[in-house]
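Generate coordinates for the entire structure from the input sequences, incorporating the hints supplied.
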Amino acid sequence: MIGKQIIGKNFTKLLNYLFSKEGASLIGSNMMGKTPQELAVEFRSFLHLNNRVQKPVYHAALSIPKSEALSDAKWLEIGLDYLKGMGFDQNQFAIFRHTDCEHDHIHIAASRIKLNSKGTCVSDSWNYRRSEKLIEQLEEKYGLTPTVRSWEKERRSPTTGECRQLARTGETSIREQLQTVLDQATVDQPEMTVLVDRLTQQGISVRIKPTPTKELGISYKLGDVAFSGTHLGKAYTFKGLQKYRGVSYYSNLNSEEIEELFSGSDNNQDSQFVELNDTSFNDLFNSKTDLDNLVLSNWTDENPVNQPVEDLDNSNFNLIQSDSIDDPSIQLTETIQPTETLENYQHSLTSPWQLLRERLIENTSLPSELIDLLHHKGWINADEHNRAVFTLRTLAGEDKGTCTLESNGKFSINSDVKMPLAKTEDNETGIFWIATQHNIERVIITSNPIETLSAIALDPDFNIRPTLYLSLDTVSSLPTDFLIDIPTIVVGLKGDKFGEKLSQEIIEALPQAQRINPGIRGWNQILINLDREIEKLLPEIDQTQNLVQQELEQWTQGINLS
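Heads up, the sequence shown stops at 569 in this note's numbering, and the numbers go up one at a time, no gaps.
Pairs of lysine-lysine residues, derived as DSSO-like cross-links and limited to a Cα-Cα distance of at most 30 Å, are as follows: (1) K62 - K11; (2) K407 - K508; (3) K91 - K11; (4) K241 - K148; (5) K28 - K41; (6) K140 - K384; (7) K16 - K140; (8) K417 - K407; (9) K125 - K20; (10) K417 - K384.
Simulated from the structure, these hints should not be mistaken for laboratory data.
Rendered as structure tokens:
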């Protein structure tokens, strides 16, 4: 069984679509309405329980292979179990069955606002992973044919972000380009050395080395972006190339000899092979998937400002790194252990942090994965008033106070009396900052933490170029000694009078800095506007994705293997 989900704002539009399909039938609901108009009115009548939720509409679709068919009663059971498993246990819902295509399927329309005294909003945290886990349980319970999961596919499908990039720019992602070239290069089942030569001729570098489990792993780099074989699909791993593509290699060599054999594919690989994995600007902003291997670093704790940037790689702080091949590194999704039940996980969704998290996502359009990751690192939390509290740190990673987002949208420093805004002996104060990699070559300065996170979400070079993102409200907080040697500094403060004045002061202190004005309302408003535009394009994106997949299948079937 395959499941798809989306959240939105318009109940009427969704219900009109669900009723409009030929043969559509309403097979279950906990509401009185029987028409699109009646149901939409009912859904909207309870939105006042939580006015903060900007996207109250939940739409899910569940489909089974065309070789199978279920009764309305069985579909209703499955739909109810799915709703409960996804946390919709006190919510309005309507379940529709569609028969307009070969695959038997249902659609679920539900309100994310619970019918309780608090109007709790059902979290969308890790929706995709939770749904796949839940579907696996439902397949077993109802005896349905198991569906290959996303992580089990020979070729990983384009992410939502990559599909949106295609719709917006007409350009395929690096991941798809690598997959296509590899498909073409392995049609005749070549030896590994021949494959590497072919890829090199196409401008693709290859790195083969043992994983921590002593098995061989493989990564590919096109331009400045690299993916491990796992993140392209299981057919592109070192084992997968042999099993699914018929690629042979020198089986009499050990892993160290294999690594040495292919070490010439990319000069100075260890220093230049930057794995992007599943994280890109498009994924980060547009999808609800996990942030695989996002590097969030702290600097070394010994004389950080005066230390050369090249020496900062020896940080003894906890890092989330992306230097393994075909071996899952630390991922934020691991905070939800496989042994945990969905019920235990759902129990935490009404905590003060979860309520704040929902409000932040709704009001700012920030990626939920980024917010979750910062919370996991302890850099954003909820206080007793359910306000967002951001941790201020020195570049050495030492906590120096907090910055709180007030209800009026402004920020206050040191509002948490438990964490005084201390200064070091050289008067260094804490600032809000995030660095994606070591050896910083670019700095982006914004007005406040929300602006910093918005700049990350909008940055097309996020996690590709080593960048330090920071926010400050006074030039005295500027770590000038560290920044003076950074070649690229972008001053992206808001375009109001205060932002313009502070920008000028920063440029005077750092002559290499350049001003980019995001407007009076800043980067976050740009992010919100872009989110709205993308939402309008979703139907067209889905259609484009289907066409691309169909063309790919036709192309693959037409390959002459002789």
